[in-house]
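Asker: Protein sequence lines correspond, in order, to chains P and V. Numbering follows the numbering used here, with no gaps: position 1 of the first sequence is -18. Every position in the second sequence, counted from 1, becomes a number in the numbering used here once 723 is added.
There's no promise every hint is true.
Stated by the list, open to error - What follows is a list of derived Cβ distance ranges for each label pair:
#	chain 1	residue 1	chain 2	residue 2	range
1	P	Ile64	V	Gly922	58 to 64 Å
2	P	Asp189	V	Gly874	43 to 49 Å
3	P	Lys162	V	Gly752	57 to 63 Å
Stated by the list, open to error - Chain V is nowhere near these chain P residues, computed Cβ spacing over 12 Å in every case:
#	residue
4	Phe35
5	Gln109
6	Ser148
Since the hints were made in silico from the structure, they are not lab data. Heads up, the beta-carbon is just placed ideally off N, CA and C, and yes, glycines get one too.
Chain by chain, the residues:
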Amino acid sequence: MNGKNISWFGRVSLGLGFAFLYVPILILIVYSFNASKLVTVLAGFSTQWYSVLFNDDAVISSFGLSLKIALLSSTMSVVLGTIAGLVLARFGPFRGKGLFAGMISAPMVMPEVIVGLSMLLLFVELQQWFGFPAERGVLTIWVGHVTLCMAYVTVVIRSRLVEMDRSIEEAAMDLGVRPLKIFFLITLPIIAPAIASSFLLAFTLSIDDLVITAFLSGPGSTTLPQLIFSRVRLGLNPEINALATITVLVVATLVVGANRVMVKAEQRRTRLAVAT
Amino acid sequence: MVESSVHPAAGTAASKPYLQIVDVVKKFGDNTVVNHINLSISKNDIFALLGSSGCGKSTLLRMLAGMETPTSGRIILDGEDITHLAPYERPINMMFQSYALFPHMTVAQNIALGLKQDGLPRKEIDERVERMLDLVQMKKYAHRKPFQLSGGQQQRVALARSLAKRPKLLLLDEPLGALDKKLRQQTQLELVNLIDQVGVTCIMVTHDQEEAMTMACRIGIMSEGQLLQIASPGELYERPNCRFTAEFIGETNMFGGHVVEDEPDYVRVQTTELPRPVRVGHGITGTLGMPVWLSVRPERVGVSRQQPTAGGNWANGTVHDIAYLGGFSIFHVRLDTGKVVKASVPATRWREEAAPTWNEPVFVSWADTDAVVLTQ
């Protein structure tokens, strides 16, 4: 794109748009290095809030919990979502297919408050009737997150499978590979990038989920978003700014890094294609 | 119609047929896609199913591969009923239209996959892969991935992969459809040579009549789920048994009329599109007065300035259009009856006189034996 061809109106709108998106984040980063305890007063450079943060056991443990729940639920939702996507994309028309597809994607469109509340009611009922789950905690949060994330994974995997050339699988079958083996030998490697990206999607959904977690967590299972939310309610806190800054940096590094890798792979691919 | 063409064909197969398709029907809901097909193919034949898209030829091929199950009927290969065998249990391999190479595997791995399923020892797999790569001259590309190959190279890998398991039957689905025209013509004979070299019975599906006529020793014309005629390429062209085949294969001039004289060795057909009844030098099975069509290939039609003396198969008209194609030209002659007759005239015809030009009055004519009467 040639920057010289953009009108002044275009430049101003672009600038305002980016400012709207990124100035708050910049302010947050700046204030995380603020020496003052008051977030509205700038009082010199300091990294004290970072050392406070790293010595805050509540933050460290809730971060660990969030990470654990995010890993568990994104793994599980990738497994279930891939199976559901496979069923929807490959198993032809079957009775109740529309209903199945609708129910799988319902958590995406349903307000999270409703999902969280209904699952809370379910777990309370279950506890009364069967005594299981005995209390709300990691297990219940995990089930709730899987319900939500799986819907997204299913959509991604299903659309990847639909656009994949079916004759590739048929060719494997023609060569004597049995259906289950075809999935692991042919289908899975081909859709691996889609699986990886849906894992990342599920991971990000799970790690910053607040609403469902709020309904399904119990005493002693506070995730990072819950912790941040409860602290911010008591007033803005430079320590949280430091935490947010670290998050922003980590996410930015990951995104840029992943992008670099993908661009390089793409370049290699085109170079090889040209060489032949 | 199907019976009359199938049984003589089955009879000519000297040995017992290798592949038999017996009264196969395939319905999708209420839609009959393949309608009572009977077909016998002898060993080492290259057979082409030719038809326009949606005629059921691909469905028939997929039933042979096992991707679809016939609604009724049987498929027998080498004495074994394979109608209900799963695709991975059949001694049949297929080359797909899109080639369907496994994108995440190298060329060698693509070819080896089928062999690995048979539990062959590693050494033998390597040997066979090597031989296949030799056969299709792709040895130096063994460790490339499919996306690093050109279309023609991908086609060769797909062929090697489908031949690696030494199938009893090789199926080719539009084998050269994905290649551009020039490459396609080169590859046609190359492919036939390879198939002959390996000695495998082969059924191909195509909508390209040139491809079918170049590659196959027998061709089956399919339309609306039925096999209309099964014959060698020459026979299909020279002696079509119905109007569809005559018009589908090559170009032809078609006249509608009825029989006015029916003798054992000749018939006369009266048509409103020609000034006088046409004499055709072969007998037909039919009755006097029955409606028939008359097919005359453009290259059989002569164009001249003088009125033809012999025979009565001529008409006068004016040159309406000329398509100059180098080696020959196609004259579109508008007869006095309004019918436009196409005549393909070789350039050598105009040595002694100049070629007629636009709007010049000319005569078109053909010999008794050049017209074919079609009763259906």
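Asker: Look at each hint and say if it fits the structure.
Answerer: These are the hints, each one checked on the structure:
1. Take P:Ile64 and V:Gly922: their Cβ atoms lie about 45 Å apart, and the range 58 to 64 Å is violated.
2. Checked against the given bound of 43 to 49 Å, the beta carbons of P:Asp189 and V:Gly874, roughly 47 Å apart, stay inside it.
3. Taken as a hint, the range 57 to 63 Å is violated for the pair P:Lys162 and V:Gly752, whose Cβ atoms sit roughly 32 Å apart.
4. At roughly 43 Å from the closest C-beta of chain V, the C-beta of P:Phe35 stays outside 12 Å, upholding its exclusion from the interface.
5. Every C-beta of chain V lies more than 12 Å from that of P:Gln109, the closest at about 50 Å, which supports listing it as non-interface.
6. The Cβ of P:Ser148 sits about 4 Å from the closest Cβ of chain V, inside the 12 Å cut-off, so the non-interface label is violated.
When held up to the earlier numbered hints, the structure conflicts with 1, 3 and 6 and fits the remainder.
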